[in-house]
Amino acid sequence: MAGAGHSRFASLHDVELSSHAAMGERAAFGELVRRHGSAVRGVLRRMGAAPAEADDVAQDAFLTAFERIAEFRGEGTFAAWVKKIAARLYLRRLQREKKLGALAVEAADDETRPQRSDADASIDLDGALKALGATERLCVTMCFGAGLSHTEAAEALNLPLGTVKSHVKRGLDKLRARLAPESGAVAEERRSNG
Amino acid sequence: MAEVDFERRLERLFAEGPELADAGAFAERVERRLDAGWTARRWLIGAAGVVGGVIGASQLMVSNLFQRVETAGDSARLISSGFNRISSQTDWLSVASAGGVGVWVAAAAAVVMMGFVLTRVIGEI
Numbered sequence: 146m147a148g149a150g151h152s153r154f155a156s157l158h159d160v161e162l163s164s165h166a167a168m169g170e171r172a173a174f175g176e177l178v179r180r181h182g183s184a185v186r187g188v189l190r191r192m193g194a195a196p197a198e199a200d201d202v203a204q205d206a207f208l209t210a211f212e213r214i215a216e217f218r219g220e221g222t223f224a225a226w227v228k229k230i231a232a233r234l235y236l237r238r239l240q241r242e243k244k245l246g247a248l249a250v251e252a253a254d255d256e257t258r259p260q261r262s263d264a265d266a267s268i269d270l271d272g273a274l275k276a277l278g279a280t281e282r283l284c285v286t287m288c289f290g291a292g293l294s295h296t297e298a299a300e301a302l303n304l305p306l307g308t309v310k311s312h313v314k315r316g317l318d319k320l321r322a323r324l325a326p327e328s329g330a331v332a333e334e335r336r337s338n339g
Numbered sequence: 006m007a008e009v010d011f012e013r014r015l016e017r018l019f020a021e022g023p024e025l026a027d028a029g030a031f032a033e034r035v036e037r038r039l040d041a042g043w044t045a046r047r048w049l050i051g052a053a054g055v056v057g058g059v060i061g062a063s064q065l066m067v068s069n070l071f072q073r074v075e076t077a078g079d080s081a082r083l084i085s086s087g088f089n090r091i092s093s094q095t096d097w098l099s100v101a102s103a104g105g106v107g108v109w110v111a112a113a114a115a116v117v118m119m120g121f122v123l124t125r126v127i128g129e130i
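Line order of the protein sequences matches chains R and H. Quick note: the first sequence, position 108, residue 253 per the numbering used here, numbers continuous. Quick note: the second sequence, position 88, residue 93 per the numbering used here, numbers continuous.
Wrong hints could be hidden among the right ones.
Below, computed lysine to any residue pairings styled on SDA-like, alpha-carbon distance capped at 20 Å [to be verified]:
#1 R:Lys310 to H:Val9
#2 R:Lys310 to H:Glu12
#3 R:Lys229 to H:Leu18
#4 R:Lys314 to H:Met118
#5 R:Lys314 to H:Val110
#6 R:Lys275 to H:Ala113
#7 R:Lys275 to R:Thr296
#8 R:Lys229 to H:Asp10
#9 R:Lys310 to H:Glu21
#10 R:Lys229 to H:Glu8
#11 R:Lys314 to H:Ala112
#12 R:Lys310 to H:Glu8
#13 R:Lys310 to H:Arg13
#14 R:Lys275 to H:Arg14
#15 R:Lys275 to H:Thr76
#16 R:Lys275 to H:Phe88
#17 R:Lys275 to H:Leu123
#18 R:Lys310 to H:Phe11
#19 R:Lys314 to H:Phe88
#20 R:Lys229 to R:Ala195
#21 R:Lys314 to R:Gly292
Interface residues of chain R toward chain H, partial, derived using beta-carbon atoms under 10 Å [unchecked claim]:
#22 Arg190
#23 Val285
#24 Leu304
#25 Leu306
#26 Leu317
These aren't lab readings, by the way, just hints derived from the structure by calculation. Virtual Cβ for every residue (Gly too), placed ideally from N, Cα, C.
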């Protein structure tokens, strides 16, 4: 049954699939999960979730998306919509497990954390994200991976907007230094001259 | 400008996340949970229907519906006998004054009306 459904829906666009899903076609929604499951799980892992935890939250996010599929009108991409749902669910889980407060405390230590010096090695995004403190990583991933605005991230994290902005800025500076060393060096030079 | 470029590049890097090896298995797990949710919902709706049916049937029994139907039948018989009597006489005033049959007819009509109304109300409920 499932196989027939997949081949029938494989050629359709996400918006068409979501319309089918809104009419109760679970196979159409299954195709959406197949297409975007990895991206959603990836964002959660980059936010700091362990693989099993990321899978759990991603599953819940897709189930929530199915329940609310009528709200998706194709204004953004389906993946971005589910990523936002997943990011919020993950934060709620952190709050429930009282881990969000611990992250805020950890943020104070981020400044003194030694930076890894593997600049010669080829560094991918995941490697670069590891150089960030937990809160910086969370903020950067929420804003650039899950597509939340700074205000939305601040609300979801229950942090002042200014705090989120400075976490994002610090995180971006670190990422820039690792992902684009030459421009990072220029920025550093500019900062020291200025 | 360079900052904006870098931010766009970062968004692209986030969007180009690698396809995980167990993507198919993950999708199947989500579909299984969706199916389980729908099965549970179907059972819930079915159970609610059965419970509602049982409650409705018991309410009909308690409200003596059958007795009411019998009463309505009696009323109808009463009305038809009243009409027979009326049709056998030509003078309406004398009918009314003779035995108060008009009062009985009106009462019977009211009972029939009540029967209809009650049936309708029960049907609506």
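A quick look at each hint next to the structure:
In summary, the hint linking R:Lys310 to H:Val9 is supported, as the alpha carbons are separated by about 15 Å, within the 20 Å threshold. For the hint pairing R:Lys310 with H:Glu12, the CA-to-CA distance comes to about 14 Å; that is within 20 Å, so the pair holds. In summary, the hint linking R:Lys229 to H:Leu18 is supported, as the alpha carbons are separated by about 17 Å, within the 20 Å threshold. Straight-line distance between C-alpha atoms of R:Lys314 and H:Met118 comes to about 80 Å, which puts the hinted pair past the 20 Å bound.
Of the pairs offered as hints, the one joining R:Lys314 and H:Val110 is violated, with about 92 Å between alpha carbons and a cut-off of 20 Å exceeded. Distance check on the hinted pair: R:Lys275 and H:Ala113 sit about 90 Å apart at the alpha-carbon level, beyond 20 Å; violated. At most 20 Å may separate the alpha-carbon atoms for a hinted pair to count; R:Lys275 and R:Thr296 exceed this at roughly 24 Å. Taking the CA atoms of R:Lys229 and H:Asp10, the gap is about 23 Å. The hint is violated against a cut of 20 Å.
Taking the CA atoms of R:Lys310 and H:Glu21, the gap is near 24 Å; set against the 20 Å cutoff, the hint is violated. As the CA atoms of R:Lys229 and H:Glu8 are separated by approximately 24 Å, the hinted pair breaks the 20 Å bound. Simply put, R:Lys314 and H:Ala112 have alpha-carbon atoms about 88 Å apart, too far for the 20 Å limit, and the pair is violated. For the hint linking R:Lys310 to H:Glu8, the alpha-carbon distance of about 15 Å falls within 20 Å, and the restraint holds.
Under the criterion of a C-alpha separation no larger than 20 Å, the hint pairing R:Lys310 with H:Arg13 is consistent with the structure, at around 17 Å. Restraint check for R:Lys275 and H:Arg14: the C-alpha separation of about 18 Å stays at or below 20 Å, so the hint holds. The suggested pairing of R:Lys275 with H:Thr76 is violated, with an alpha-carbon distance near 85 Å, which exceeds 20 Å. With a CA separation close to 98 Å, the supplied pair R:Lys275 and H:Phe88 exceeds the 20 Å bound.
Pair hint R:Lys275 plus H:Leu123 does not hold up; C-alpha atoms about 75 Å apart against a cutoff of 20 Å. For the given pair, R:Lys310 sits about 17 Å from H:Phe11 by alpha-carbon distance, which is consistent with the 20 Å threshold. With a CA separation close to 96 Å, the supplied pair R:Lys314 and H:Phe88 exceeds the 20 Å bound. For the hint linking R:Lys229 to R:Ala195, the alpha-carbon distance of about 18 Å falls within 20 Å, and the restraint holds.
For the suggested pair R:Lys314 and R:Gly292, the alpha carbons sit about 16 Å apart, so the restraint of at most 20 Å is met. For the restraint placing R:Arg190 at the interface with chain H, the shortest Cβ-Cβ distance is roughly 9 Å, inside the 10 Å limit, so the hint holds. A distance limit of 10 Å between C-beta atoms decides the matter here; for R:Val285 the minimum to chain H is near 8 Å, and the interface restraint holds. Checking R:Leu304 against chain H: minimum C-beta separation of about 21 Å lies over 10 Å; hint violated.
Checking R:Leu306 against chain H by beta carbon gives a least distance of about 18 Å; that is not within 10 Å, so the hint is violated. Using the Cβ-Cβ criterion of 10 Å, the hint placing R:Leu317 at the interface with chain H is satisfied: the shortest such distance is roughly 7 Å.
Hint violations for this structure: numbers 4, 5, 6, 7, 8, 9, 10, 11, 15, 16, 17, 19, 24, 25, all remaining hints satisfied.
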